[in-house]
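**Q** Each protein sequence line maps, in turn, to chains Z and H.
Counting from 1, one number per residue, gives the positions in the first sequence under my numbering.
Counting from 86, one number per residue, gives the positions in the second sequence under my numbering.
Note that these hints are calculated values from the structure, not bench results.
Among the clues, some could well be false.
Only pairs whose alpha carbons sit at most 25 Å apart, straight line, appear in this in silico BS3-like list of lysine-lysine [claimed, not checked]:
| hint | chain 1 | residue 1 | chain 2 | residue 2 |
| --- | --- | --- | --- | --- |
| 1 | Z | Lys70 | H | Lys135 |
| 2 | Z | Lys66 | H | Lys94 |
| 3 | H | Lys135 | Z | Lys54 |
| 4 | H | Lys215 | Z | Lys66 |
Here's the letter readout for the chains.
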Amino acid sequence: MEELILELKEEIIDALNLEEVTPADIDNDAPLFGEGLGLDSIDALELIILLEKKYGIRLSNPQEGKEVFKSVAVMAGYVKDNRKK
Amino acid sequence: MASVNVMRKVEISSDAVSVDGVALPVCGSGEAMLDWIYRTHVGGYPKYHKMDLLCKLGFIASELLLAGEDGRFVPRDDRAVILFNRTGSQCDDLRYLSTITEGEGYFPSPAVFVYTLPNIVTGEIAIRNKYYGETSFYLISGPDTWMMLEVAGQAMDCGGVSSALTGWVECPGEDKLECMMMLAEKTVNFAD
Numbered sequence: 001m002e003e004l005i006l007e008l009k010e011e012i013i014d015a016l017n018l019e020e021v022t023p024a025d026i027d028n029d030a031p032l033f034g035e036g037l038g039l040d041s042i043d044a045l046e047l048i049i050l051l052e053k054k055y056g057i058r059l060s061n062p063q064e065g066k067e068v069f070k071s072v073a074v075m076a077g078y079v080k081d082n083r084k085k
Numbered sequence: 086m087a088s089v090n091v092m093r094k095v096e097i098s099s100d101a102v103s104v105d106g107v108a109l110p111v112c113g114s115g116e117a118m119l120d121w122i123y124r125t126h127v128g129g130y131p132k133y134h135k136m137d138l139l140c141k142l143g144f145i146a147s148e149l150l151l152a153g154e155d156g157r158f159v160p161r162d163d164r165a166v167i168l169f170n171r172t173g174s175q176c177d178d179l180r181y182l183s184t185i186t187e188g189e190g191y192f193p194s195p196a197v198f199v200y201t202l203p204n205i206v207t208g209e210i211a212i213r214n215k216y217y218g219e220t221s222f223y224l225i226s227g228p229d230t231w232m233m234l235e236v237a238g239q240a241m242d243c244g245g246v247s248s249a250l251t252g253w254v255e256c257p258g259e260d261k262l263e264c265m266m267m268l269a270e271k272t273v274n275f276a277d
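Excised from the complex, chain Z in its bound form:
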C-alpha cells in the first residue's frame, strides 16, 4: 500500500503540474481540496482522467470524486479495490 501511495503522489504531482511540491510534502491523510494541497475543480477533473488512464477506473458519477479524493490514503484504498490495470 505504501508503494501505491507513493506512486499516486508522484502521479498527482505530474498530472497537476505541482512543480514546487515533492511526495514528502504531501501528507497521506491531509485533504487534497480546500486546505492541504488546495486543489481546484479543474484539478479534480484531471484526477478523474488520471484514474481512468492509469488504473482503468471510470467514475460512473463525478460526485463520487468528492469521497474518492478526500486524501491520498483514501484514493489509494479506492484504487487498490477497483483498479483494472
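Chain Z is already provided as a structure; the job is to place chain H on it using the hints.
**A** For chain H alone, coordinates are given in the frame of chain Z:
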C-alpha cells in the same frame, strides 16, 4: 482619442529579454527561459506552473513590467489589460487536439482545455494583480504598435480607464515566443 504615454516596455523573444531597452541576462530559451525567469525574478506563485506557454509568456512579461510598481496588488478597476496576437490560442488548441485522438488515445485534458482561449492570458494577469476592470484579447495580422496603442487609447476614452497593460503576446510555434508588452498611461490634457 486620449493621449497615451508608454511608461515601460518589455520585449521577449525565444532567447532574449529586454526591459525598457536594457537586456536582461537570461538562461535557456523558450519555455525553459520563462521558467528560469519565474524562479529567479518572481517565485511564490505556484499557479504559474499550471499555465500554458501563452499564459506563461504574458505572465512573465507583466511581472517584469510591473516589478517594483508602487501600490501593486492593491485592487483597482482603472487599469485595462488589452492584448493582441495573430493565432489566438492555437498552440493550446493543437495540444488539446492531441489529447482527443481516436481510440485508446482519447483522454481529453481539462487542464489543457481551459487554456484554449487567448483571453485566459488577460484573466491570469488580472487575477494576479487584482485588476477588476477591462480585459480583452484581439486577433490582428501583426504586431502593429500604433493600432495597439490606439485601442488602449479608445478604452481610456470610454472613461474609468487611466492606464493599460497592452501589447503583442504570441507563440507562433512550439517553444517560440514573441512578446512586446507596454504599460501605457493616459496623459492629462489641460484643455479638457
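**Q** Next step is simple, just say for each hint if it's right about the structure.
**A** We went through each hint and held it up to the structure:
The suggested pairing of Lys70 of chain Z with Lys135 of chain H holds, with an alpha-carbon distance near 22 Å, which does not exceed 25 Å. For the given pair, Lys66 of chain Z sits about 46 Å from Lys94 of chain H by alpha-carbon distance, which is inconsistent with the 25 Å threshold. Between Lys135 of chain H and Lys54 of chain Z the CA atoms are separated by roughly 21 Å; this keeps the pair inside 25 Å, and the hint holds. For the suggested pair Lys215 of chain H and Lys66 of chain Z, the alpha carbons sit about 30 Å apart, so the restraint of at most 25 Å is broken.
In summary, the structure is inconsistent with hints 2, 4 from the numbered list given earlier, while agreeing with the others.
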